[in-house]
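Student: We have chain A; now place chains S, R, L, P and Y onto it with these hints.
The primary structure of each chain is shown beneath.
There are 6 protein chains.
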Amino acid sequence: MAVVYKNVRRAESSVVDGLGGLGVATIHEAQDRTGLLASNINPIFRGRRISGSAITVSVAPCDNWMIHVALEWCHDGDILVVAPTSPSDAGFFGELLATSARARGVRGLVIDGGCRDVAELEAMDFPVWSKCISATGTVKETLGSVNVPIVCAGQLVQPGDVVVGDDDGVVIVPRRNAPKVLEASIAREEKEAVSRARYQKGELGLDFHGMRDRLLKEGLTYIDELAAE
Amino acid sequence: MAVVYKNVRRAESSVVDGLGGLGVATIHEAQDRTGLLASNINPIFRGRRISGSAITVSVAPCDNWMIHVALEWCHDGDILVVAPTSPSDAGFFGELLATSARARGVRGLVIDGGCRDVAELEAMDFPVWSKCISATGTVKETLGSVNVPIVCAGQLVQPGDVVVGDDDGVVIVPRRNAPKVLEASIAREEKEAVSRARYQKGELGLDFHGMRDRLLKEGLTYIDELAAE
Amino acid sequence: MAVVYKNVRRAESSVVDGLGGLGVATIHEAQDRTGLLASNINPIFRGRRISGSAITVSVAPCDNWMIHVALEWCHDGDILVVAPTSPSDAGFFGELLATSARARGVRGLVIDGGCRDVAELEAMDFPVWSKCISATGTVKETLGSVNVPIVCAGQLVQPGDVVVGDDDGVVIVPRRNAPKVLEASIAREEKEAVSRARYQKGELGLDFHGMRDRLLKEGLTYIDELAAE
Amino acid sequence: MAVVYKNVRRAESSVVDGLGGLGVATIHEAQDRTGLLASNINPIFRGRRISGSAITVSVAPCDNWMIHVALEWCHDGDILVVAPTSPSDAGFFGELLATSARARGVRGLVIDGGCRDVAELEAMDFPVWSKCISATGTVKETLGSVNVPIVCAGQLVQPGDVVVGDDDGVVIVPRRNAPKVLEASIAREEKEAVSRARYQKGELGLDFHGMRDRLLKEGLTYIDELAAE
Amino acid sequence: MAVVYKNVRRAESSVVDGLGGLGVATIHEAQDRTGLLASNINPIFRGRRISGSAITVSVAPCDNWMIHVALEWCHDGDILVVAPTSPSDAGFFGELLATSARARGVRGLVIDGGCRDVAELEAMDFPVWSKCISATGTVKETLGSVNVPIVCAGQLVQPGDVVVGDDDGVVIVPRRNAPKVLEASIAREEKEAVSRARYQKGELGLDFHGMRDRLLKEGLTYIDELAAE
Amino acid sequence: MAVVYKNVRRAESSVVDGLGGLGVATIHEAQDRTGLLASNINPIFRGRRISGSAITVSVAPCDNWMIHVALEWCHDGDILVVAPTSPSDAGFFGELLATSARARGVRGLVIDGGCRDVAELEAMDFPVWSKCISATGTVKETLGSVNVPIVCAGQLVQPGDVVVGDDDGVVIVPRRNAPKVLEASIAREEKEAVSRARYQKGELGLDFHGMRDRLLKEGLTYIDELAAE
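Residue numbers (the working numbering), protein chains in the order written: chain A, 1 to 229; chain S, 1 to 229; chain R, 1 to 229; chain L, 1 to 229; chain P, 1 to 229; chain Y, 1 to 229.
Read the hints as simulated data drawn from the structure, not as lab findings.
Be aware that a few hints might be false.
SDA-like cross-link-like pairs, simulated, lysine to any residue; straight-line CA separation at most 25 Å [unchecked claim]:
#, chain 1, residue 1, chain 2, residue 2
1, P, Lys140, L, Gly219
2, L, Lys140, Y, Lys140
3, R, Lys217, A, Thr142
4, L, Lys140, R, Lys217
5, L, Lys140, Y, Asp207
Fair warning: this is a prediction, and the values are worked out from it, not measured in the lab.
Bound conformation, chain A alone (with noise of 0.2 Å):
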């Protein structure tokens, strides 16, 4: 039941890159909002967009084993996806962990865990995704697997899918759609410069969304003033 699957088809690097100069908001939205982490994933410092390729690592609760294995199988422009397989707190990866990561082409974590030394992380600049801020210490006993399918934080998550994290958190593209929502959120982002300037200049969505005819139809009623208290 501990399996390494040593080799990952990833998407490609322009795709893959592609997505990371656009936000997670925008990918959710063009992917028919599929695909987000659970909102309590969270950036350890704010201020990073990255994108990468899942190396996906399931690991025992408060067992970090199989992140030291994964990093073998890890190449430039991965980001590492960990998941426990019970809840834990744990803080399983730090500054070591991310001198390891780094040196092998590891853009960045996401973990449904904790992680520690942030310190030494945001000066290192390494961005990583968690679900809290925790020293506790991990043991390396229990085997687990890599880039097998995982849940994490309540997305399925496949080797070689396309992940973007940015300050609103964690997005998974899957790995064969992700040409197509690359395509998607620039369409969106440029649909949404469009409103962005009619809003600048004080238009309402109201207006130029045409939506005061549905408010009327489905019955909202306009009073003037709330009668005095």
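Tutor: Frame of chain A; chains S, R, L, P and Y shown alone:
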């Protein structure tokens, strides 16, 4: 049941702005420790203190339609206060709505739900206090109401109430009480300045607040040292 | 039952300060993964690492009276460690108490409760680790105790124990163990420096920590690639 | 600020009792999905459905003094509705207060806090809906108010509002709306009886609620079977 | 994106029913500790153990439309497994839907959301495992999918997987593995019967599981008594 | 660091059993509102009240090895008190361990973690207080300690302390204080019997506890009725 009250009585702008010069904790104390939103409502970025008049919005969970509706009735100096009718972590508000809100003179948002595009909102310097950061998209399907009394994060908010937010959270000042709360807050600040000066000199609150007698009367016992273990 | 122990045995200041030069995660590991406060205790602002001797304060929920009492017995280099007798999110501590604490030589606060005036505390550079940020006021009605053993965020804290806090959280080092924990922490840091250098060169922990044999013995299987979906 | 309003306008007892014959979910639907307390308010034992007129009590956290004060103003058929001014899990209410409450004609308690003596309360058949079960003691130190509007578990409750509780939770019916909510609830029950009969025969809601057209129009696609993995 | 797969491959009914005669904990162990839903999924009433084939339903938050759609494709012996696309505590399911489900042969419901009418559901003996009990109403506005793979309470569920629920929670057995998991579960039960008999006689697991050597090798120390405090 | 203390000083069995005849809430009050475990520790089934002497067990998260080790040192009348060194929801204890525990004379279990086989445990009438119900399996990999002081659900527990559990939760009585806490609890019960009789007759606590003067002195105001809205 879905109603928009178009006009709202607001407090004097000198009062609203005066309250914005004081801290949330001070105002909360000055109005007898009332009006604080729950402590899980936090700023999406630090370092802003704002005040404004509440435009209240009651929305369906995962539905931001009524925020669009509310923007039409916002004036310079308003703050949107949004509460879903059942709990929701969705990202009801992002950079496009903030662009529209700013164009209408809105100073910020308070929401018992999620917010997204937080990097862009910080770049725009548009302050938001929310329950979480979440990229989850919302729909525009179900009517709600604007400028009705709502319960937001455990507090009753009436349209036109004064809203003050800073790094400590958000406090609501009922419109009619605002002038006297402003006065009481200023008085409190002056009293605190005196205390601060005495504390800085190393005086103890025990002494200049005269607590020693009451401590003794209540039975506090002083012992030199805990017996060796 | 309400007692103030006036004097506390503290660790040598060289030991206390020595521990302050090391990270919470390192110290936690060096003392066999003990002593960490729960991971919901976080710094109110980032970037500080401090150490000090614990002045323990047992308070009633929503009541900060005993913090005033405790300040009288604080020395240069102490850290206040406060735990309510039942859970409370109130804002027990703010800028005025911090002013007094600083004048008494206190280096910071650890509290299993809420803190307020966080913008002011950051401006003063007074570090606090708390369960939440909350402006909720507290009363001065019920006695508690100072310098008794307390349970704070899941850990037993004795007066005079060494407290170390940084961005990863807070660890408690029992006073008597402090010298040997300092030694073990320094040894650990030296060992980590060696590992870091090897990681930076791209070596794998699998190799230089000799994990491969044990992985095989436990039954880890390597497969080239996950079969096509 | 600490006030006791001695008298409360209540709904007709026939209306109050009529609502007690219906379920919380039905009433909540019949008044446009409003009035439900948060879903963390649960009965301390199962199998009771009660209704009554709200006697509201605003208490300090961990302080049950005002419940004693409120009991003096309770009538036959009332329900105590208690909310602390800041969150508290303490055990505000137990068997002794229930004995007193029963002697005053009180039918039950709703509290956004903790309750204790739950075995004894079940033996007495005194129903309580609370946030948790907790033996934590409370004090009698700080004043609060009786029969003022309060926010309890996210809902505004006015004194004299009708309170209905069952295994699904608690719903508040504003006093003035109570007669028409009763009527609407009964109408809803009758409609549901028709639906129930059709469901029992194996008919689909899709058919007798006529949903198929709208599903197609919205774009729902039917496919025979998921392709083999 | 909104798709209904009408037909589902199910496991042999003898296998499905065989698994229903075993406990959730046993099955979870027998399939290498995989497949358990998160521990916040609990039965709405105690004392039932059921098994069935998963009909999966992906719904919008606070929207139960697709449950109506799914019922058309349910067979005797199925269990509905429902997951919202973002977290929701609403009451998606109650007594009317249960009446319809029962008429279609459905044995029960598993939902990562809320359930209502729990007294009626218990009276009908219709078992449900849910995240909470909530009377909150839902809408029928947004499409979802039926019989697609979903993530429910942290586990991937494929249509046709075997679902087993009891007082300990819910476990998912992938359809193809079901026969061998049944076999392994029975073997485990037999082994446990032997252990039980030895435990009942007062034998220690330390002895008949032969743990003593390994404990000593790992360094466990036995001391007569903790030194007097 | 992994130590088993084989012998424990226990309180007199008459004292232990005497405390078991009283309620958790009463004992907690009688020892100055100390010793209660956190309110998230609940019985897995209702209706049992037990007392016993604490055998303390410090376990690794998701690892129940040391419970096996502890059973060897249990006597008639003991209660196992188990705390993991970092938070864990795993199911550390089930019917087989309960069978062994019963054979050793153990009366029940208190655990700041999960429990499984709850239907079987109820059928055996083996009471457990736990943080959750979870079928998640545990391993036997990491040493811990038996009969050392532990922190369990926020309270320090020493081996040999008296543990009392009922439907309200769990309270710890330090061994040396047990005789006088028993006495104080009995005195409290007698006082409560008097109060109960007076409450039953309809007397108000306000009167026979003489609260009216203090209420007036603190400034409580009585008003006939809230002004019409």
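Student: In ascending order, which of the hints set out earlier in this document are inconsistent with the structure?
Tutor: 2 and 4
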